[in-house]
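Visitor: Given next are the chains, with one letter for each unit.
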Amino acid sequence: MAVSQLVGAKIHRREDPRLITGHGRYTDDLAHSGVLHMAVVRSPHAHARIKSIGVEAAKKAPGVVAVYTAQDFNGVIAGPATHPVAPVFAPEKKANPPRYPIAKEEVCYQGEPVAVVIAEERYQAADGAQLVDVEYEPLPAVMDIEEALKPGSPKAHLDQPDNIAWDATYVPWEATDEAFKNAEVVVKQRILQNRLSPNPMESRVVMAEYDEFDKRLTMWMSTQNPHWIRLFVAGALGLGEHAVRVISHDVGGGFGSKISPYPEDYLVPASAKLTGRAVKWTETRTEAMQNAYAGRGQIYDVEVAAKKDGTLLGMRLTQMLDAGAYIGTFGAFQTCACLLAGGAYKWQAISSRSVAVLTNKITTDPYRGAGRPEATHVAERMVDLVAHEIGMDPAEIRRKNFVKKEEFPYTQNFGLVMDSGDYDGTLDKALKLAGYDQLRKEQEDERKKGKHIGIGLSTWIEICGLGPGAVTGPATGGVVLSESAQVKIHPAGGVSVYVGTHNHGQGNDTTHAQIAADALGVPIDSIDIRHGDTNEGPGFGYGTYGSRSLAVGGVAIARACAKVVDKGKKIAAHVLEAAEDDIVFDQGKFHVKGAPEKSKAMGEVAFAAYGQLPSGMEQGLEAVAYYEPPNFVWPFGAHVCVVEVDTDTGNVELKKYVAVDDCGNIINPMIVDGQLHGGIVQSIGQALYEEMVYDDESGQLRSATFLDYAMPTANEVPDIELDRTITPSPTNELGVKGIGEAGTIAATAAIINAVVDALSPFGIKHVDMPATPDRLWKQIQGAHAMSHDGKEARK
Amino acid sequence: MKHKVATTINGRKHEHEVEPRLLLVHYIRDVAGLTGTHIGCDTSQCGACTILVDGKAVKSCTMFAVQAEGRQLTTIEGMAKDGQLHPLQQAFWDEHGLQCGYCTPGFIMAAAYLLSQNPNPTEDEIRRGLEGNLCRCTGYVNIIKSVKAAAAAMGGAQAKPAGRSAVTAGGE
Amino acid sequence: MIPAAFEYARASSVDEAVKLLDQFGDEAKVLAGGHSLIPLMRLRLAQPKALVDINGIKGLDHIEAKGSKLHIGALARHFDIQNSDVVKDKLPILAEVASEVGDNQVRNMGTIGGVLAHADAAGDYPTIALILDADIVTNKRTIAAKDFFQDLFTTPLAANEIVTEVVFPVADGPHKYIKFRRRLFDWAIVGAAAQKMNGGWRIGLTNVGPTPVRASAVEEALHNGAKPDEAALHASDGLNPSGDLRASPEYKKHLARVLTRRAIEQAK
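Protein chains in written order, with the working numbering: chain A, 72 to 866; chain B, 8 to 179; chain C, 606 to 873.
Fair warning: there could be bad hints in the mix.
Pairs of lysine-lysine, DSSO-like flavour, derived with a Cα cap of 27 Å [as the list claims (entries may be wrong)]:
#  : chain 1 : residue 1 : chain 2 : residue 2
1  : C       : 873       : A       : 522
2  : A       : 520       : C       : 832
3  : B       : 20        : C       : 663
4  : A       : 131       : A       : 520
5  : B       : 63        : C       : 663
6  : A       : 849       : C       : 858
7  : B       : 155       : A       : 81
8  : C       : 654       : B       : 11
9  : A       : 520       : C       : 873
10 : C       : 781       : A       : 522
Please keep in mind that the hints were generated in silico from the structure rather than gathered at the bench.
Using the sequences and the hints, build the whole thing.
Guide: Encoded structure:
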């Protein structure tokens, strides 16, 4: 392999010039002659029966071309729109209500499509939608997941026997009997995971054109995985995949919310087919707040058994998951929290169970981290609770229970093999960087002055790089989450690399080019990374989510490049008149072993590849590789957060944030740091600011704008100090892991542990998210009422 | 009834008949064809649609096109001049101030306004100056760095050529 | 989202604006900064039949000190008020309040007249106008602030009445406005204003009821020699705030007390 030149370097992002000058190609930016615009008429009710739909007034409105309701799509869209996957390892599944892109008789969440209006202009479609007259009979809405499980609860779907989507036990309770029998300390805690709205800054956009004569459908849309959309839409519209082209140019963020298919992904192409013209739909933020697949929305009941010396023994965990009105296509991925809640620690045994509940809210689905932030939050909160109970320093209890560097690969309680790690290493470095001992002293001094400083740790781990077929195959109904890449070297040496992943901010166009440039030994400027067009590249691409673009996609690129180099050796042997076995490839040149002066550059070999070759050798210099990882990869790190809580108002100020992370070998440090910044701040959002709030009775979303759904601005985030260690992954030849979700997985625990630590003088042991001022104030008031310590602390 | 609206966008005159309700951002994107200005919300919070109107930053989703009559507008497409990136654009590139890029035009325009008012802002002033813009990718850390770097570049070496090698470091 | 269709007319004088409003009738609205109105229109929560754009009226954006009064034109933008040397000199609390309305982009467009006429419970200017006994001048009359904020989004303005000016007393003594909110650009969860004036304190609260509140009990306690922390306990006297996503009624009442104390203590 070539000596590494670009891998590991801070390379400016190749995608930036168009984006910083206003020349990006987001789907709504694309002009298309004669395009019609679609507006969606949505249910204002969380749960209702549709009694009638009056479309006449809308049809007569200026510019309106068509108004369609469910019956109009009969024969155009087939079957349930989405294909829910089974929970990973889940032996039992109860109810999977069929979902159609447009409601027929019953609407089950606020925002469910009821009709679409197609008009010549965007504004006319909006006017037409206002004129569609739908009569509803409101039904009781199921909003609370615990209430929904009670006998006699109203049902989220009239035709389902109850509200249980699944009830899966991974390891039964008996398995932890011994651990709890031997326990000297048992701590119990209920931990809430607030429901979150993903909110990529670009909401979704779908445009489609159907060519009646060639029977070809072209879709332009904002998605994280165009090939999956092609698979779903082709099936639903009765077209072969060869006849469907999905193009996804620039995408303004995804965070998981642009993985699974949505109703409009079917309604737009079906409307294009019905009208015979191109149709475009641009989601408004209000629609996105209601309808984008939400994240989290879970309750964890957790119990931990430990010894007084801090040795962790056993954990029992029940996840109650708000599935929403329909099970998300990849919603079951969130159950991975049940397999990962042991975190970075060694346990005798862990029992866990996941109960998913149908409610009359929008579906939950993977949102940045998906199950892993929840697992970290459980592990890190519970370890802190044990430490508090036995009076041990939170750093010390972690060290005591870590899986040690020399114990990797380590098979954890659920049989998953953690590939590599040095958990002590990141913790030590983070504590040093943060000045932990000094911080503890300052905390003590400040407390005496009545100031409430808190220090929180999160020694997080992550499983990513989805993923090995043995695990992912059963979870998707048979499609293994490998990744594909195709490398073509053109006659004059230009290189096109087609990847099955998708870049929507991760910088893959740059990091993937770095990998290819090194593997092929060619200048980065001669490489074009192409993604987001299903008519190009290999037969299937798996998309970008689960921190997989590098650890799976990057390896596929490296392997496709290796195949090209192998072919190049054959050609070089021919050109250099040497035996193939004597050809060495080094730094972009093929030379004869022992005679580096007798060499041909990749470009020369490429030209030769299209010329006359010995019989039996095919022309061309290109290759396809599919890479199925043998295991997941396991990034990890240690975060330290310092907060000050104003106990008079409940306001939390983030004073300091330090993160030392390890994602194996680094391709581009600038991009790694950027991913961490963003992930951590998204986690600050969850910990302190964001929550989807619904009205319990009506089921209306109350947090429906960016005023009420409070994502942090530049003013609410602290300086974030980053450092790293590098522990290469043994799972793949690049030694890489993933970093896209790490910050989000790590940070809520560090922040909330810090808040709890600040409030510990009040006897407060746990705080739920978001830790808003009113919530904290109320908790402090409660603590005042209960404890004398509180009064002391307040002075 | 349609109204005439005549504006200058990035130095070029535009004149159209528009409905009064046409939002300025839709005018810029759909009528003038300048799609670099984006829309991220319905309620004037996200700032993705920020442009300069007579040199002042405004959210073009919260203004009607008819209100732009006779005004000078600057959008992201008007920032690079003669093939040279504006120092803010260069700084966002250098400092990795963007990821998905969707909010970026709004941030650059808001930052351009900030620097026009305060050429040498402190970090806190930068944060405050960007309070009307939301980014979901970067965590703002590198956006703040970018604005700092641009301020330095504009103050110190305004005439410096914008071009820069793509590779700035050989490793960590 | 997209507003419903409406008629549009630009007025070049107050008289012309009034004529246009008469012509369009009850369902017309005045368009000033538009930062409350346009989002409501985009959500179609407001669907006025016509907008009368007053932004082109000359002479409505003045900021002038005349004797013991500060006259601010209805079209003065938050940006102008925040940066006005006259305001900073004669009524510095108003410049501070202006600097905390919305964000830079909002402050470049939003007007003081628009905020007053909109009469949102979370508006900051109304609190200052109320506690300082400002006068709100329209094309028809002068209305004392205490008579102006009648209820949530409710003022005595007639359909064809336009706020032209607000007249504050000059007050350059110790002052502080604390706008407690989660993010810098947010509306106040609760706001508390303290202004020393003519030897006494004026204390006001934002967003603890449908209208701004003058905390007379606190003023009285301070007048009678109570210390700030004792006096501030009266800030929640008689309050009956409604809860919202950010705060329960109890929490708002608590904040009223805490922020009032802090505003008095931090006033300078």
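Visitor: If a hint holds in the structure, say so; if it does not, say that too.
Guide: Hints and how they fare:
The hinted pair formed by residue 873 (chain C) and residue 522 (chain A) meets the criterion: a straight-line CA distance of about 24 Å does not exceed 27 Å. Distance check on the hinted pair: residue 520 (chain A) and residue 832 (chain C) sit about 22 Å apart at the alpha-carbon level, within 27 Å; holds. Of the pairs offered as hints, the one joining residue 20 (chain B) and residue 663 (chain C) holds, with about 25 Å between alpha carbons and a cut-off of 27 Å not exceeded. Restraint check for residue 131 (chain A) and residue 520 (chain A): the C-alpha separation of about 72 Å exceeds 27 Å, so the hint is violated.
Proposed proximity of residue 63 (chain B) and residue 663 (chain C) is supported: the alpha carbons are some 19 Å apart, at most 27 Å. Simply put, residue 849 (chain A) and residue 858 (chain C) have alpha-carbon atoms about 12 Å apart, close enough for the 27 Å limit, and the pair holds. Distance check on the hinted pair: residue 155 (chain B) and residue 81 (chain A) sit about 20 Å apart at the alpha-carbon level, within 27 Å; holds. A threshold of 27 Å between alpha carbons decides the hint, and for residue 654 (chain C) with residue 11 (chain B) the separation of about 19 Å falls inside it, so the pair holds.
Restraint check for residue 520 (chain A) and residue 873 (chain C): the C-alpha separation of about 24 Å stays at or below 27 Å, so the hint holds. Of the supplied pair hints, the one linking residue 781 (chain C) and residue 522 (chain A) holds, its CA atoms being roughly 23 Å apart against a limit of 27 Å.
When held up to the earlier numbered hints, the structure conflicts with hint 4 and nothing else.
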